[in-house]
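Visitor: So the sequences go chain by chain: A and B. Numbering-wise (the UniProt record's numbering), the first sequence opens with residue 1 and increments by one. Numbering-wise (the UniProt record's numbering), the second sequence opens with residue 1 and increments by one.
The hints are simulated quantities; they were obtained by calculation from the structure and are not laboratory data. Backbone N, C-alpha and C fix where the C-beta goes; we use that ideal spot for every residue, glycine too.
Partial selection, computed: residues in chain B whose CB lies under 8 Å from chain A:
{"hint": "1", "residue": "Glu81"}
{"hint": "2", "residue": "Ala122"}
{"hint": "3", "residue": "Arg123"}
{"hint": "4", "residue": "Val156"}
{"hint": "5", "residue": "Val165"}
{"hint": "6", "residue": "Trp167"}
{"hint": "7", "residue": "Ser168"}
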Amino acid sequence: MNWRLSCILACWLPLAAHAVEVDPVPSVMWAFYHKQLLADAPFVFDARVKLLAPPFAEDARQVPLEIDARAFKGHVVRILAWAELNPLPKIVDFQPKEGVLPWLALRIRIEQATPLRAAVLTDDGIWHVGSALIDAAGGGCTAPSVVRSQPGWEEHLGEVLGGRYPRGEFSRVRVQVAHPMDNGLVSGIPEFFINHGQLRGQDDQVLAELELFPAVSENPNLAFDIEAPGPTRLVLRDNSGNEFDAAIP
Amino acid sequence: MTQPARRQPFALSVLLGAILLSGQAMAAVSDQDILQDPKNPGQIVTNGLGVQGQRYSPLDTLNVDNVKDLRPVWAFSFGGEKQRGQQAQPMVKDGVMYLTGSYSRVFAVDARTGKKLWQYDARLPDDIRPCCDVINRGVALYGDLVFFGTLDAKLVALNKDTGKVVWSKRVADHKEGYSISAAPLVINGKLITGVAGGEFGVVGKIEAYDPKNGDLLWTRPTVEGHMGYVYKDGKAVENGISGGEAGKTWPGDLWKTGGAAPWLGGYYDPETNLLLFGTGNPAPWNSHLRPGDNLYSSSRLALNPDDGTIKWHFQSTPHDGWDYDGVNELVSFNYTEGGKEIKAAATADRNGFFYVLDRTNGKFIRGFPFVDKITWATGLDKNGRPIYNEASRPGAPGSEAKGTSVFVAPAFLGAKNWMPMAYNRDTGLFYVPSNEWGMDMWNEGIAYKKGAAFLGAGFTIKPLNEDYIGVLRAIDPVSGKEVWRHKNYAPLWGGVLTTKGNLVFTGTPEGFLQAFNAKTGEKVWEFQTGSGVLGSPITWDMDGEQYVSVVSGWGGAVPLWGGEVAKRIKDFNQGGMLWTFKLPKELVAKH
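Between the sequences and the hints, there should be enough to build the whole structure, so can you do that?
Guide: What follows is the structure, encoded as structure tokens:
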């Protein structure tokens, strides 16, 4: 297929060109999550939503995950990601606005080998679902925290390491936030995690809204691709009401 | 009841909002709701069943004659491994119960079924410094929010429907020894809290916050020499030094670590528009290190709720040397004497004396012992100041490691500790949970170190009687007479409730919730809850039936500090359970 033909197909029959009839990572949980998280809304399994994760989780507590929906640039309303066989499956609810690309990288916890999903809602009301399968030795959600065993971790709560990396037409902002992200599954330790974030650009213009869930790793790593001019602020809040404000020049 | 002046536009707008909403079933808690409590028998929206803290319910469906048919309808477990002392008083609003558990947990429970609606667990740091168990004494309700204080000295506002944090504010630094265990209160649109930490040489303070967003509105230190502030547009404006200036009643720099923590919170009297708070012991415990009265330690304070100004004070134990905190609740009540209505307030102090004050000006009306043995003072003078028995003050250590030890009664845990008494408007009596115990006490040298215990004293508690420590007493505040008493083997540590049904409820460490005839003291009902009852019971009306609730869960200060008392209580099991009882409709008709 030459380039011209593929473009015509893409324009005329976008679903037929990229949609897959069957679930690329067959899973007994798909119907359940389709109902629970997407409220049975129209969807397609869509290879244009790229979900990049290693085939095997070397460290089940820190699994890098990249969600790339740039194929739908300008049309993305919302991106929802989850790990189907995690005890707490939800990972992130990302709503990119003007000035930020529909792309997100972060690290997550995996309890066992599981299908991963990223559902991208476009402005035509259709969810485009990207999928990946990850193998794991397991235990990432219920293992004791590394952060908490470090004395004085409370002193460093909310400290942010970060930087901006120019990539031509946009720049990549990467941050790491000191936070235990306790998910409540370790006995005797209540859930304590960053649950809300907002990316802001110049004049405090909101670039993206972010809901985080306890499947996100402790000391969360987050990366965004930003077209808007800097500086960028990342305002975070945890479920205990602590607020953190990171500025990236 | 007259209403206080309302000068704040915010309070007014909330009031108007409440009026507009009054047609709806699920109304937000308004200033008016709070001031009316407990006149609306379907809800309990204040700690103390009314801002004055009388713990008196006007309900009489349940009474001395039918209380034997009071029966449990549901129980709710706090769960987890965090079964420590449970000291909360539940609140009830629109069929939902809000309460706290040990380790800074909050629960919302369906009041009809006991079904959990939500739970909030504060994430506490590892280095919290509570002196006396990881307890909490309850929430405040206002608008759509539920407020409570945490062991790491934060105020947290939760959404009443979801339990999610709306705002969180650090009141003080827990690393210095601050914590919060008392229920906050909301008066005229201001959320008011004290702090704990007198054992760590903190500076006590009472503060008001904006319930909407947690902005600090005013702060009032309770140690002489520290500046108070009001906050206007985020800016601190000086509002006078507590006590006028430093050094009047404290030597050297000790006022900088003076304690006097108002750790038990406070109440409000609408008739005089005064907040009534008590303050804790001066720091350190060794009194020889701080000659002077050490204001405002071991005192009762009346504050203007608008700006925190101290209107009057009454110090029950000047120059305290026995850890006789003056935090115990000052309960407003009126009585008639010589044809004249007296606006009084009463308090049963840790030091063993029961005080009746004129609450318009803090003047002493009368005081008398309410326990059998007091050795540290021989009585009170005409102003209510104690006449000390100097032989009962433990000696200064001098060059020795330990000063002379003396036996003194009451023990430092007090003739009455935190557990709130109740005032019955029909009998005119106060029902006081008291304890008969003494202690050996001695002083030691001590220097202040941030975040470390600042006592300079040692102690061992001893029971005074073989067969009982706890005594529930009915006390006539006018005659000073004890009308009846009921003894209990273990020390009493739970709050009291009284009702128009001629009933008095309280719990025991042995696990019983008990009801007494308010006039005679006859025990008329009891129920074994499975663990010690340290909470404060409530009663309310739901669907035409009268309910009673109390939390059960042994712990608190006694097992941690109890000395020789420990062997009386060592076999009591811990718990964490909310019990709810009712008198079924069909059984009311039978009587």
